[in-house]
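Residues in the sequence shown are numbered from 1 upward in steps of one, following the numbering used here.
It cannot be assumed that every hint is accurate.
Keeping only pairs whose Cα atoms sit at most 20 Å apart, straight-line, the calculated SDA-like set for lysine to any residue is [to be verified]:
#1 Lys55 x Tyr105
#2 Lys98 x Asn2
#3 Lys11 x Ile133
#4 Lys98 x Lys170
#5 Lys11 x Ile102
#6 Lys12 x Pro43
#7 Lys148 x Lys98
#8 Lys148 x Glu138
#9 Lys12 x Ile102
FRET-style restraints, in silico, Cβ to Cβ [what the hints assert, rightly or not]:
#10 Met124 x Gln32: 19 to 29 Å
#11 Tyr70 x Asp107: 31 to 41 Å
#12 Thr25 x Ile200: 18 to 28 Å
Just so you know, the hints here were simulated from the structure itself, not pulled from any lab data.
For each residue, glycine too, the CB sits at the ideal point set by N, CA and C.
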Amino acid sequence: LNLLSIEGAEKKVVFITGRVHPGETPSSFVCQGIIDFLVSQHPIARVLREYLVFKIAPMLNPDGVYLGNYRCSLMGFDLNRHWLDPSPWVHPTLHGVKQLIIQMYNDPKTSLEFYIDIHAHSTMMNGFMYGNIFEDEERFQRQAIFPKLLCQNAEDFSYTSTSFNRDAVKAGTGRRFLGGLLDHTSYCYTLEVSFYSYIIGGTTAAVPYTEEACILSRSPLCLNQPSSSQEHQIWKDLLGGYFLACLIFQKDYSVILAYFKVIAPEL
1 LNLLSIEGAE KKVVFITGRV HPGETPSSFV CQGIIDFLVS QHPIARVLRE YLVFKIAPML
61 NPDGVYLGNY RCSLMGFDLN RHWLDPSPWV HPTLHGVKQL IIQMYNDPKT SLEFYIDIHA
121 HSTMMNGFMY GNIFEDEERF QRQAIFPKLL CQNAEDFSYT STSFNRDAVK AGTGRRFLGG
181 LLDHTSYCYT LEVSFYSYII GGTTAAVPYT EEACILSRSP LCLNQPSSSQ EHQIWKDLLG
241 GYFLACLIFQ KDYSVILAYF KVIAPEL
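My request is simple: use the sequences and hints to build the entire structure.
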């Protein structure tokens, strides 16, 4: 199981996992876009690397992917229902990632800020999130801030489609289990991305996630980009919006100032 670390000194940690359901291939495209963006020279990426550590497990179900399964692992299990008590033999990747997250959580030198599990949705459009519900009203309200920031900074993200729940059938998911394990300073989400299209705010036409559709829609994401890199740039710019929201969410004015110093050194 691959685990990528993009880090520097001791910082707040964002832990990202993907492809727990092997048939949800868009999650791998998003993970690749995240990695490419974070190691790029994009102004947001440069500041994020300075202030945050990113731990990325891009494929939690490699056996299922290899076999061509849609949802289950080699042993026939939906791994995203077994976070409560994963077996090192039956669910080895899940067990390893869970142990690492618990180890980081118990480390006083580590601040685990975010856990984001990336999935793909076969019927809904846009990107959206599933979050947790808490008895503490203030904590519950804080959970809604990050998806709202995403909606403001990424044109393909929909807050309207975002929902918060504690359904019993989802108790074994990463988002639900870690939301109950980690304290109030941590935020746990499932990020869903559409298999096929998104709708830009203020319009009714769906834009497929293809280079051609982006160009035809005259989206600002596609303007002034060489044709050979347009599709790659679509992902980078959308993810730039996602991570700008992540940066803003830190509520650390030194981080925000650092970002603007990068894009406008004369400030």
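Enumerated hints in conflict with the structure, sorted upward: 3 and 7
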